[in-house]
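Here is how the chains run, residue by residue.
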Amino acid sequence: MKNLKYILVSALLVFAVSAPLSAQDIGNAKGKVEKKANEVKQDSDKAKKDAEDRAEKVKKHGQEISDDAKGEVEEKYNAVKKQYKDKIAKAATDEEKKELEAEMMDELRSIKESANSKGGVVKGAPDTDGTVEEVKKEVAKTKEETTEKVKEKTEEVKMTKEYGMSKAKEAKDNLAKREANLKNKMELIDRAKARIRAATDRVDAAAQSGDVSDDVIAARRAKIAIAQEKLDKLEASVNAGRTAYDEQKATLSGMYKEDKGN
Amino acid sequence: MKIVSRFLLTLLLVGFISCRDTKAEEAETQKVVDEIEAVESEAKEISEKIDQEAEELEGVLEELDSI
Numbered sequence: 000m001k002n003l004k005y006i007l008v009s010a011l012l013v014f015a016v017s018a019p020l021s022a023q024d025i026g027n028a029k030g031k032v033e034k035k036a037n038e039v040k041q042d043s044d045k046a047k048k049d050a051e052d053r054a055e056k057v058k059k060h061g062q063e064i065s066d067d068a069k070g071e072v073e074e075k076y077n078a079v080k081k082q083y084k085d086k087i088a089k090a091a092t093d094e095e096k097k098e099l100e101a102e103m104m105d106e107l108r109s110i111k112e113s114a115n116s117k118g119g120v121v122k123g124a125p126d127t128d129g130t131v132e133e134v135k136k137e138v139a140k141t142k143e144e145t146t147e148k149v150k151e152k153t154e155e156v157k158m159t160k161e162y163g164m165s166k167a168k169e170a171k172d173n174l175a176k177r178e179a180n181l182k183n184k185m186e187l188i189d190r191a192k193a194r195i196r197a198a199t200d201r202v203d204a205a206a207q208s209g210d211v212s213d214d215v216i217a218a219r220r221a222k223i224a225i226a227q228e229k230l231d232k233l234e235a236s237v238n239a240g241r242t243a244y245d246e247q248k249a250t251l252s253g254m255y256k257e258d259k260g261n
Numbered sequence: 000m001k002i003v004s005r006f007l008l009t010l011l012l013v014g015f016i017s018c019r020d021t022k023a024e025e026a027e028t029q030k031v032v033d034e035i036e037a038v039e040s041e042a043k044e045i046s047e048k049i050d051q052e053a054e055e056l057e058g059v060l061e062e063l064d065s066i
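Sequence lines, in order, name chains R and F.
Residue 203 in numbering that gives the first Met the number 0 sits at position 204 of the first sequence, with consecutive numbering throughout.
Residue 62 in numbering that gives the first Met the number 0 sits at position 63 of the second sequence, with consecutive numbering throughout.
Please note that the accuracy of each hint is not assured.
As a list, the in silico EDC-like pairs of lysine to aspartate or glutamate whose alpha-carbon atoms are at most 20 Å apart [what the hints assert, rightly or not]:
1. Lys229/R / Glu52/F
2. Lys160/R / Glu27/F
3. Lys248/R / Glu169/R
4. Lys160/R / Glu36/F
5. Lys166/R / Glu39/F
6. Lys192/R / Glu54/F
7. Lys160/R / Glu24/F
8. Lys229/R / Glu54/F
9. Lys166/R / Glu54/F
10. Lys192/R / Asp50/F
Note that these hints are calculated values from the structure, not bench results.
Let the hints inform the model, and build the full structure from the sequences given.
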């Protein structure tokens, strides 16, 4: 009887624990699937764009070859015409001239027919449609491989505390790099201020000496104004960025802080 | 027999509790990772904007140096 009591209690416990866990699992899984689906969609869009770009390039290349072929036919046509024109000019009798003219017409006709029968496509030119298909197949294969990789990656990543901590550390390192970059930009701002000041002094001196026309002075002052505007914009962005980075640093430092104390 | 059943039940309880801990940890980590990704994305955006503005300024300054 006592044993039965224990079994009943444990069964109740199992039910109580497993029910909320299942709900949580479903929620987590849904979130993960949505996230990865978005990633795959982005990859597929990129692959599609690449395929279109490549197909466009191949078509363009084919068109260029076709244009070249057209030019080649025209060249040949003109060369034959020129050649016979000389011969006709040198012909002694009328009969000879007529004969040469007939020959020329035959040759020109054969060149035209030959070009028409090829339908504007010269032998040796690549089959552009075929190439486009190949590119499309290649892109589809790459897309499939990317999807597989993303799938594998999703399965591989376990949401352990260690993983979270390594992610946080990585983010902190990246933030430190960005802060160093921000410092460089602040130095750039200082240098820019000095360069603008120097340019202003040069323009003032030129205006006072009267060597340069008023229009040129005005144009130079406009350039200085543009530079000043860009400088102010950058300075504002750097200040905003510094504040944002400080906030982000605090957020990242707060993560896993409780564990550090233990 | 009584001791064995009690021991088994205790084992079961410990198993369930540890399982629940793992799930809670996973949920917590997922939340933290999402937060980190949001922070990184924002930082990247800011950094790109600043880089672009700095590049524009450099271009204008080069013109100024020649006057």
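Now for the hints, and whether the structure bears them out:
1. Lys229/R / Glu52/F: holds (7 Å)
2. Lys160/R / Glu27/F: holds (8 Å)
3. Lys248/R / Glu169/R: holds (12 Å)
4. Lys160/R / Glu36/F: holds (16 Å)
5. Lys166/R / Glu39/F: Given pair Lys166/R, Glu39/F holds - Cα atoms ~10 Å apart, limit 20 Å.
6. Lys192/R / Glu54/F: With Cα atoms ~15 Å apart, Lys192/R and Glu54/F stay inside 20 Å; holds.
7. Lys160/R / Glu24/F: holds (7 Å)
8. Lys229/R / Glu54/F: holds (10 Å)
9. Lys166/R / Glu54/F: Status violated; Cα separation ~31 Å.
10. Lys192/R / Asp50/F: holds (18 Å)
Of the numbered hints listed earlier, the single one contradicted by the structure is hint 9.
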